[in-house]
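Chemist: Here are the chains, one letter per residue:
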Amino acid sequence: MSTNEPLAISESQQMNLDTEPEGRWKGAFREMLAGGPGVAIGALILAFLVGSIMIAFTNAAVREAASYFFARPQDFFSALGSAMGGAYSSLIRGSIFNWEAPTFQRMISPLLLTLHNSGPLICAGLGVAVTFKAGLFNIGGRGQMLMAAVFAGWLAFGLPNLPVGIHLIVCILGGILGGALWGALAGFLNAKTGAHEVIATIMLNYVALYLLQYLLATPGLMQNPGSSNPITPATPMSAQLPRLFGRQFPLNAGFLIALLAVAFCWWLLNRSSLGFAFKAVGENKRAAKVAGINTDRMTITVFAISGALLALAGAMQVLGTVTTGFTDGIDGGIGFDGITVALLGGSQPVGVLFAGLLFGAFKAGGSMMQAGQMIPIEIVSVIQSLIVLFIAAPPLVRAIFHLPQPSQVAAAKKAAAKAAKAEAKAAAKKEVSA
Amino acid sequence: MSTVTVDPSTVLPDEGPIEHRIVEKRSVKTATILAVATALLALLLVASPRQGKTNFQITLGNEFFSIGEGGVVAVPAVPFAWICVAIMAVLTVVAFVLSYRYSKFPGWASAVFGLLAVAAFLSWAGAGAQGRLNVVGLIGNAILVAIPLVFGALGGVIGERAGVVNIAIEAQLLMAAFTGAVVGSLTANAWVGLLAAILAGAGVAAILGVFAINYRVEQVIVGVVLNVLIIGVTTFLFSAWLQTDMQRLNSTLEHRFPDIAIPLLSRIPIIGPALFNRPVIVYIMYVAVAAVWFALYRTRWGLRTRAVGEHPKAADTVGIKVNATRWLAVLIAGAIVGIGGASYTLVSNPSFNREMTAGFGYIALAAVIFGNWDPIRASLAGLLFGFAINLQSVLSVIGSPVPSQFMLMLPYVVTLLAVAGLVGKSRAPAADGVAYTVEGH
Amino acid sequence: MRLELQGITKRFGTFVANDSIDLVVEPGQIHCLLGENGAGKSTLMNCLYGLYQAEEGEILLDGVPQHFAGPGDAMAAGIGMVHQHFMLVPVFTVAENVMLGNEATKGIALDTKAARERVNEIAGNFNFHVDPDAVIEDLPVGVQQRVEIIKALARDAEILIFDEPTAVLTPQETDELMGIMDQLRKEGKAIVFITHKLREVREVADKITVIRRGKVVGEASPTSTDSELAEMMVGRAVQLTVDKGEPHYTSNALEVKDLVVTSADGQVLVDNISFTVRGGEIMTIAGVDGNGQTELANALLGLEPGVTGSITLNGKELLGKTPRQMLDEGIGFIPADRNEDGLVGAFTVAENLMLNRATGAPFVKGGVLQIPFRNEFAREKIEEFDVRTEGIDQPVNALSGGNAQKVIIAREMSKDLNLFVASQPTRGVDVGSIEFIHKRVVEARDSGIPVVVVSTELDEAVGLADQLMVMYRGGIVGIVPADTPRDVLGMMMAGIPPEQAAIAPVPVTEEGAQA
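Residue numbers (our numbering), protein chains in the order written: chain A, 1 to 434; chain B, 1 to 441; chain C, 1 to 515.
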């Protein structure tokens, strides 16, 4: 047997064919972002279509007209038209511009309400997005917001003598601390015990909820003195976020904080070494480990930062939105909305900003729909989740609207095509080197 | 070309794994947990001693024989609790000794330990109370509470065994509860309501299937978004539709499944009334646990389902249609979860209410993990969680010294500890959550 | 059954993986498909097996055209495949794997008894024993491969495809496999044997077809020489040996003493081993995959928990340090699995070049990435290390295996090194890159630092070695000079110490070994 065998060339692992490591959530986003504007618009149309059907179905006039549809179909369509018209005009009047309002101030007030609503949504979306970037999933927004509310609220009522300004800052920082700790706890459980973060964060939501309920129901803790209802005292003026355009508009400094948070997250993810490590862990945990990154510590850090961002949302609720004393519903579902905001924003800080604005507008318009048209505000969460679902599946939207598919079986071929490209390149190079 | 012959005498020993030397490790995890639990209970008894007796209601009167006076056994609360703690301490020592000898603390002993801990705690909590601690109700209601958890866990197990993570158990339960209420009310027939709930569960599963299997959207994301969607849909329809005519659309009070006593079995003390005098869905649950186990481990369907969850490509190369197999599993799972959802409005409550599943879908998911993706163990985990949830309502009846919020928190803390403490021992199906793509077509 | 492929063309996008390939395999014949990495051999077989759909061409069995929509169809037509990455469900038993997709049932229940009997029957025909109730993941790869063969035979395959079957086997296991293939040939099966190992080709092939860049470049006879075959395969003359001079030892040294690596479940993966590598010397670690080499290499970077013993580099104790601290000690590390452990696929070439240096200067200052510096660095390195890429911003998962590996080499060699550890440095890498990488490894050694190379390819281990260590089941079988005879090394890889291996009878008859 000779020893000058040709050097072995194993065909395993060669061209990243099917072993390409990909972050857990990364693929999902790539798919979502690959859709392009056509898919985004298509998803919006589909979501609103389903929403419209639900509105029509529950509209008394429409249902009545439908009962004699074949006798007088025009009645049905006119009822349908007025139901839709009413719904969507109040959606727009409630969120962007109210042309029916008597004064110009009142006309633009919806837009400011939209901005106001979007502040916490943007922060919550950023919080979830940061974990997505690190290959993790934080469904614990609710718990982190509640803990932030506990900390911020306790500092707000408990230290009423702090000077204006300082008090607010102390409350915000305290809230951030509360949320960050609660988030870090989830990260700790995931990193050190291996508990799945999705389960851990969900369970911590409930723990935080009942903890808050206990604090609210126990005199001497956070319950409003003299009240037997589970509600806190009002937030003192010195701890409230200043309003930007006077008392008549709800928009407060929280929105500016949200913009700062967007900038911070952009910097964190694109320019900082910490963000580099986050993304490395998210894209390929094993490679990150080999590169000397302490992945356990990163998991805890990511969750702490995520919790801090969600805590900002929670603090904004206590210090800006609900200043007359809060209950266990202070989170207002924003912790969960943050997930859809992050998904819609493709986990990019700037994307989250726009997704937050959109959802803030939905929220503002939804309230108007509820008040004016008796359409339950839940229609908004239905439409929001449908948008996210459809955007997540570009081929489906393309198929429905007969948009051109990138190729026959678009996504299925991607992997193969990529491998082929690599293979082709390898072959070409070999030729070069030959 | 010459022939190659293998001389059997020189065939090298290669049967068995690449054998590395094994060093046995002492695992003190279980023993430590037992020690902490024992110490905490003892601390509770020392720090907050209570007076009087605790009345345990053991039998209700319909059993073969009665235990205690009128079915009630009164025990001196704190001494009884101390006895329990003492036995727990002995068990803890045994656990340490076993771990020192590299042996495993048996599961049944852990169960005994748990029972003792519960008995000690109840005895302490019920001390001096006027009311009686109804042991039958404690177990029986735990079963009722556990129905959605067990069905949810079974559905979760089937889905994940096939490689599809089902975070949307919550959505399936809620949609089924809603549909069961509406159809049950409209038709005035619980069975039709149940059928509709099953279809509703499968319907939500179908949405999951479309996005997770056909469009390969990240499964956890689909699940979470589906939960938000279904909460929105049901709440919207509840407010905008059901509330316009609750009597006709959302009232199952008259049409719910009644309790059915199984002859003889229902007269066994304690477990008879608790387990065998229940609505039919409970019996369906008993059968379902066994049936799912058999189907997964003993049938062709089960073998193929598990294969696509473990190694879809291997399944593909032997001609199994991976995505079709997953689709079937997801639909069956959804239907099973649907039965659990129906229990909300056709067994436990007289009407549908907004978000009435209150996160039970997530607890069912935790039971799947806690139960190591095994139908029987996941169901037992569901029962355990059901018991923890039910404990709160029992204690509030007798006036417990523990704030109710902490009792409400208990199941979630138990889940958290369970998920955190069990990792390393549990192992998910290898291809769980990974969409399957056929290349080159 | 006679297999005929006519004009098979398979495209991925614009890339032609198989370009009008013709192939005829007769029953009772072993037909070797020889070709370099990425030449398109596996793609061709996947078309044949119904995993891929060819755009053009036809598959004929005994002259009858076939249309396979999936592997199920191919199997039904009598084609069986022993996959390179075994298509076995690891948590299933042997019997379950064999019956999967082809299950016998009794009523609604599975008939596992029938499946067990089938396994025993087929195994008996080949004089080997496989426990039908053993769980796959507990079996060594050699036995797993037999299960793959049984699986194909249980479905009455007449045409068997072996895709790189020897990559994971010891030389002895390889010889046994050759024996099995020979028996199958005698039974009249048509066998397609895909490989890139020339010795095996010459040993068993009746016919050799060489494929290069998706095309059949010719047929070769089993009597061709190595260099003839290699040249056909690569398309140019290939240097088959590593070019290196005499070692010049320095006073530096890596000393490993009593090193034990224990897994979480108590398996001793590295069992009490001690060795010394001097500066200016390459120690290669040979052995069949899974005998503790990877864990040993990982331990040298602090990646393994549960390590005891001592690792000293130039007198300094390193055991217990984190990977970060190890990297800061000047350890260059090439992991065995490039895609899983070495690179972040979605990151750009530039980002990957700084992957393990993102903690401080010069790449990071005050927590801020120094992007202009990084880009400048990356441009320099792709030049210096000949990384063929469209640019520094190209994601590495778009690079070929060889170029991706060069990115890692560039990263690891662009710093002050005190120790260089490379696991499987040329796995899945084209020939041009292999020569380049070997040159760089030798350069590292000539710079005077200790170098450790883990390779399961015996040729590479021998070619690079100044000293050669063979590991088996976590322990050292022996540390021997590089010129130790191959058959002794082969025996050592099966756990027989060198002093015994040198005198023990070769397990395969001389005639076969000399073929």
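Mixed in with the good hints, there may be bad ones.
Straight-line Cα separation of at most 25 Å, DMTMM-like style, residue types lysine to aspartate or glutamate; simulated pairs [claimed, not checked]:
id, chain 1, residue 1, chain 2, residue 2
1, B, Lys104, C, Glu55
2, B, Lys313, C, Glu390
3, B, Lys29, A, Asp296
4, A, Lys192, C, Asp265
5, B, Lys104, C, Asp138
6, C, Lys113, B, Glu24
7, B, Lys321, C, Glu55
8, C, Lys316, C, Asp337
9, B, Lys313, C, Glu137
10, C, Lys106, B, Asp374
11, B, Lys313, C, Glu255
12, C, Lys244, C, Glu4
13, A, Lys192, C, Asp487
14, A, Lys192, C, Glu304
15, B, Lys313, C, Glu304
16, C, Lys415, C, Asp487
17, C, Lys257, B, Glu24
18, B, Lys321, C, Glu304
19, C, Lys244, C, Glu255
20, B, Lys321, C, Asp265
21, B, Lys321, C, Asp111
Residues of chain C placed beyond 10 Å of chain B at every Cβ, according to the derived structure [claimed, not checked]:
id, residue
22, Pro90
23, Ala237
24, Asn314
A few chain A residues facing chain B, derived, Cβ under 7 Å [claimed, not checked]:
id, residue
25, Ala71
26, Gln74
27, Val207
28, Ile400
29, His402
30, Leu403
In short, the hints are calculated from the structure, not lab data.
Think of the CB as a built atom: it goes at the ideal place given N, C-alpha and C, for glycine as much as any other residue.
Chemist: Please go over all the hints and tell whether each is borne out by the structure.
Modeler: Each hint tested on the structure:
1. Lys104(B) <-> Glu55(C): Given pair lysine 104(B), glutamate 55(C) is violated - Cα atoms ~59 Å apart, limit 25 Å.
2. Lys313(B) <-> Glu390(C): It is violated: about 33 Å lies between the C-alpha atoms, which goes past 25 Å.
3. Lys29(B) <-> Asp296(A): Holds: lysine 29(B) and aspartate 296(A) sit about 21 Å apart, inside 25 Å.
4. Lys192(A) <-> Asp265(C): 17 Å, holds
5. Lys104(B) <-> Asp138(C): 22 Å, holds
6. Lys113(C) <-> Glu24(B): 35 Å, violated
7. Lys321(B) <-> Glu55(C): 22 Å, holds
8. Lys316(C) <-> Asp337(C): At roughly 28 Å apart (the allowed maximum being 25 Å), aspartate 337(C) and lysine 316(C) break the hint.
9. Lys313(B) <-> Glu137(C): 16 Å, holds
10. Lys106(C) <-> Asp374(B): Roughly 24 Å separates the two Cα atoms, so the pair holds.
11. Lys313(B) <-> Glu255(C): 44 Å, violated
12. Lys244(C) <-> Glu4(C): Violated - the C-alpha atoms of glutamate 4(C) and lysine 244(C) are around 46 Å apart, more than 25 Å.
13. Lys192(A) <-> Asp487(C): 47 Å, violated
14. Lys192(A) <-> Glu304(C): Holds: lysine 192(A) and glutamate 304(C) sit about 16 Å apart, inside 25 Å.
15. Lys313(B) <-> Glu304(C): Violated, at about 31 Å.
16. Lys415(C) <-> Asp487(C): This hinted pair is violated, its Cα atoms lying about 39 Å apart.
17. Lys257(C) <-> Glu24(B): Given that 25 Å is the threshold and the Cα spacing comes to 23 Å, the pair holds.
18. Lys321(B) <-> Glu304(C): With Cα atoms ~40 Å apart, lysine 321(B) and glutamate 304(C) exceed 25 Å; violated.
19. Lys244(C) <-> Glu255(C): 24 Å, holds
20. Lys321(B) <-> Asp265(C): 36 Å, violated
21. Lys321(B) <-> Asp111(C): 21 Å, holds
22. Pro90: Given a closest Cβ separation of 7 Å, the condition is violated.
23. Ala237: Check passes; 27 Å lies beyond 10 Å.
24. Asn314: Holds: least Cβ distance 31 Å, greater than 10 Å.
25. Ala71: Check failed: Cβ of alanine 71(A) comes no nearer than 23 Å to chain B, outside 7 Å.
26. Gln74: This interface hint is violated because 25 Å lies over the 7 Å limit.
27. Val207: 5 Å, holds
28. Ile400: Hint on isoleucine 400(A): violated, closest Cβ of chain B at ~12 Å, above 7 Å.
29. His402: Violated, because the Cβ-Cβ distance from histidine 402(A) to chain B comes to roughly 17 Å (cut-off 7 Å).
30. Leu403: 15 Å, violated
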